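Visitor: When you get a sec, could you build the whole thing from the sequences and use the hints?
The sequence shown lines up with residues 56 to 439 when you count with our numbering.
These are calculated hints, taken from the structure and not from any lab test. Certain hints may be false.
[What the hints assert, rightly or not] Pair ranges (Cβ atoms, derived):
1) 303 <-> 113: 32 to 40 Å
2) 306 <-> 112: 22 to 30 Å
3) 209 <-> 113: 37 to 45 Å
4) 255 <-> 186: 35 to 43 Å
5) 250 <-> 210: 43 to 51 Å
6) 291 <-> 242: 22 to 30 Å
7) 91 <-> 292: 27 to 35 Å
8) 248 <-> 91: 54 to 62 Å
9) 348 <-> 191: 20 to 28 Å
10) 292 <-> 191: 35 to 43 Å
11) 210 <-> 329: 38 to 46 Å
Treat the numbers as computed from the prediction; the structure is a model and nothing was measured. Note that the Cβ used here is the ideal one computed from N, Cα and C, for glycine as well.
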Amino acid sequence: MRIGIDTAPILQHQNRGVGALGSHLLHALLRSEGAHRYLLFTPDSARGLSAELSEPQNFEVIHRPPAGGAFSWAWVRDAMRLRRQVKRQRLDVFHAYFQWNLPLRRFPVPVVGHIYDLMPIAVREIYAGRYSLPVDRKIGLYARYLKFALRRIDRAISISEHTRRDLIRLTGFPEERTHVVHPAPAPGMAAPDDVGVIHALRERLGLREDYLLYVGGYDYRKNLEMLLWAFSRARKEGMNLTLALAGDMSSSYGQLIQTLVEEAGDESGVRTLGHIADGDLPALYAGARLFCIPIYTKDSGSPFWMPWPVARRSSARTQLLSRRRGATRPSCWNRGMKGLGPMPFRGRAKREIRMMICAGSEFGMPPRSLGSGPQTRQSKCMKS
56 MRIGIDTAPI
66 LQHQNRGVGA
76 LGSHLLHALL
86 RSEGAHRYLL
96 FTPDSARGLS
106 AELSEPQNFE
116 VIHRPPAGGA
126 FSWAWVRDAM
136 RLRRQVKRQR
146 LDVFHAYFQW
156 NLPLRRFPVP
166 VVGHIYDLMP
176 IAVREIYAGR
186 YSLPVDRKIG
196 LYARYLKFAL
206 RRIDRAISIS
216 EHTRRDLIRL
226 TGFPEERTHV
236 VHPAPAPGMA
246 APDDVGVIHA
256 LRERLGLRED
266 YLLYVGGYDY
276 RKNLEMLLWA
286 FSRARKEGMN
296 LTLALAGDMS
306 SSYGQLIQTL
316 VEEAGDESGV
326 RTLGHIADGD
336 LPALYAGARL
346 FCIPIYTKDS
356 GSPFWMPWPV
366 ARRSSARTQL
376 LSRRRGATRP
386 SCWNRGMKGL
396 GPMPFRGRAK
406 REIRMMICAG
416 SEFGMPPRSL
426 GSGPQTRQSK
436 CMKS
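Guide: Here you go:
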């Protein structure tokens, strides 16, 4: 079977989750057994890819046009050229990796599109409302492009059930044609057998024995100021832990978070670690008490933000909590933070999280423009 894969998004986003997870997928496919032949459609500017993957013999590199900037004439032109290349190669199936690189015309072969998330559409009001960013027009173009391009693919791969539901709800994509395939961790992503490795990394980074951890990108939709608010509140309730923020903070949103942390001072208990090498990540994860991601969910149609603990340490290893907790079940805050100090019980959890939004504490960004639902709740909370 001849399988074509568009590697442009993997190479364009090497320092983001999309690129890292795509690279893991690509290397695993090329080292798998079977009679499949993989044709990697790679931009001319990335000729080093064939040298990097020189070990396997089940692939060939096809130099495709570079993917231009989204919605530019070069972007449209390059998409049309790619279609002609695919037609010449007589493929059995083509994998359009990443939703920004879906075909603009029907290909002569079946196409599978890879959908990571639809957050720009799902939280559109956050960009335009909370941060007053001039992106409303671009998000509108993106939504129209996505609905147009999705009609040109035969199947969609979603990386989570949440993405699958968003895909069906926001674009009307047929439910029976989308499937969930969870991304796999990087090779070697396991807790070190030697706990000394964990201690050595902790000392090198200047971390205390117990710490909470965020690892990821710094984009406006990440909602990290809510994590800072919640952590500050928890410390005032008696939790004596450190919050470690790992990842490149050079973006405008990363600089905003960096400023908030610096203004709060060392007594806030927040440490910024910057970029962490891949080889150090297993020890960093294994040494954490809790791994936190602030998640956006819907509460009766209104935006509601809350920290969502997705992983916690058990002995020297990390256990992933696969069950997603919605905003309508805020008691997960109590369960996830169990053992970390005095925290609200189930009946008080939602009110306490709401108070975090109102209080702001030393991470004093005013809780403004979060949508009509939260604003109403904030005003009631402040009056009380």
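Visitor: Against this structure, judge whether each hint is valid.
Guide: Hint by hint, here is what the structure shows:
A C-beta distance of roughly 34 Å is found between residue 303 and residue 113, which places it inside the suggested range of 32 to 40 Å. Checking the proposed 22 to 30 Å range against residue 306 and residue 112 shows it is violated: the Cβ atoms sit about 40 Å from each other. At roughly 24 Å, the beta carbons of residue 209 and residue 113 sit outside the given window of 37 to 45 Å. Checked against the hint of 35 to 43 Å, the pair residue 255 and residue 186 passes, with Cβ atoms roughly 39 Å apart.
The supplied range of 43 to 51 Å is met by residue 250 and residue 210, whose beta-carbon atoms lie about 44 Å from each other. Separation of residue 291 from residue 242 is about 42 Å and departs from the stated range, judged on CB atoms against 22 to 30 Å. Remark: the range hint 27 to 35 Å for residue 91 to residue 292 is contradicted by a beta-carbon distance near 55 Å. Distance hint check: the CB atoms of residue 248 and residue 91 are about 35 Å apart, inconsistent with the given range 54 to 62 Å.
The hinted window of 20 to 28 Å between residue 348 and residue 191 holds, with their beta carbons roughly 26 Å apart. Here the CB-CB span from residue 292 to residue 191 is close to 38 Å, well matched to the stated 35 to 43 Å. About 39 Å separates the C-beta atoms of residue 210 and residue 329, a value consistent with the hinted range of 38 to 46 Å.
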